[in-house]
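The numbering of the sequence shown is the numbering used here, which starts it at 1 and goes up by one.
In case anyone wonders, no lab produced these hints; they're calculated from the structure.
Restricting the straight-line Cα-Cα distance to at most 27 Å, the calculated cross-link-like pairs of lysine-lysine (DSSO-like) are: (1) Lys260 with Lys435; (2) Lys205 with Lys246; (3) Lys224 with Lys258.
Distance ranges between label pairs, derived from CB positions: (4) Leu58 with Lys205: 13 to 23 Å; (5) Lys205 with Ala254: 28 to 38 Å; (6) Glu372 with Gly256: 44 to 54 Å; (7) Gly323 with Arg121: 50 to 60 Å.
These numbers were taken from a predicted model, which means no experiment stands behind them. Backbone N, C-alpha and C fix where the C-beta goes; we use that ideal spot for every residue, glycine too.
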Amino acid sequence: MSFAQPLGLLYLISILRRDFPGEFEIDLVEQALYDLDLDQMRERIRRFEPDLVGLSCLSVEAEEMHRVAKVAKEVNPDCVTVLGGPHASVFFDYSLQDPNLDLTVINEGEVTFPELLQALREDRPLEEVQGLAFRRDRQLVQTPPRAHVADLDAIPLPAWDLIDFERYGIQISMNGFCHSPPWAILFTSRACPYHCTYCHSIFGKKVRARSVENVMQEIELLVKQHGIRELHIVDDIFNYDLDRAKRICDEIVARGIKVKIAFPNGLRGDRMDRELLHKLKEAGCYVITYAVETASPRLQKMIRKNLNLDQVRQAIAWTYEEGIIPQAFFMLGFPGESREEMEMTVDYAIHSKLLRGWFFTTVVYPRTRLFELSKQAYPDFDFSRWDLFDLRYWAETPFYTKATGIDLFKIQRNAYRRFFLRPWIILMILWRFPKNLFILRGIYWGLRSVFISLYKLESLFRPIRKFLNRRFGIFKE
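Sequences are here, hints too, so could you generate the full structure?
Below, the structure written as structure tokens:
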């Protein structure tokens, strides 16, 4: 499991502090970070006695979110429970079937949530607030959609003072490993103009970027006030505007900011140029992830990714030559994908300069274009039963296997073996990757994820973890 600071909630808190100074007492509870069980959550809610409980989750976390909402209502039936975030934006109607949830905020909440609080305080009709869904007389009510925030500079910087960076520093980040903790995630823009069939669209399709100066204000705040030594930039597409990306790099260098930079979210390889890579290296970048997904031209068109694979291969080579670690995401098991196309993807990864390749089994999320393509590819499959769709990144049984009977895990195992069990890759990992205990922990969690998911060897890793913790003290028990 990887961790990231709850940036969406931190933005909301900073807005409440600005718009309602001193009027609200706020308690930020990071359940996953502190591994709080339901009894601990119950006690936390009981002590704080909130009038409103705000929840946020991804779809893979929805079951636990519903359990927490139930606990909140058990502690105080009169508290208002509000769900926001990616899952709420797509599955608001499904979520509100839970009587323990009162409202959902759909898409961006920086304008909607303060208006909601004001409406609740003044006892005004919630229908007046755009971007909400709720129940009224057992009927679902959805208010008109809220326009996306046009000027991201108008949003105050996140409430970083609430974050325990030391605690995050000992966890596995989205990047999988860390060069120089403590680290923080950073959004410099929102949205992606492309139309990949498997992806979310909660930020819309028009890229909105923060000004370079606004980005630098946050970087300086993180580095100078909070001691951050590493930034994980998680934009949907940081290199959409090459000139802006280069200006950010130039400013980091010009201001003498010493920080390491990672891109765990996946840059678009066919929008990369050599000059940007050189500037990124000068600014402190040490690892870049490219989202390739598939090397099949047919599937590139089908999923509407439409990458120029030759340009991506060139970008990977340039990244390697600049001394930056290139890694990439791939997806196996698209609807209608053949074994030959999967082999094509693995071959592409092996014959590139990638130092890490991650081969994920494709998760088909309801209400995506990929879900509709799956219906076309497998007309005999029962798509009305959502319980057949395991939405976890490491599913118990991948959708592709359920639909075709083909063992996708076997194909995935072979992909990992072919990619990582090469002398060149092993040497490059030892040479090019950071030399610290955090990379050791990252390797442990990476191997654990693969082996437990694919080989069911959980018992093998318990003594390994105990030994590493005894010898190096790298895990927080």
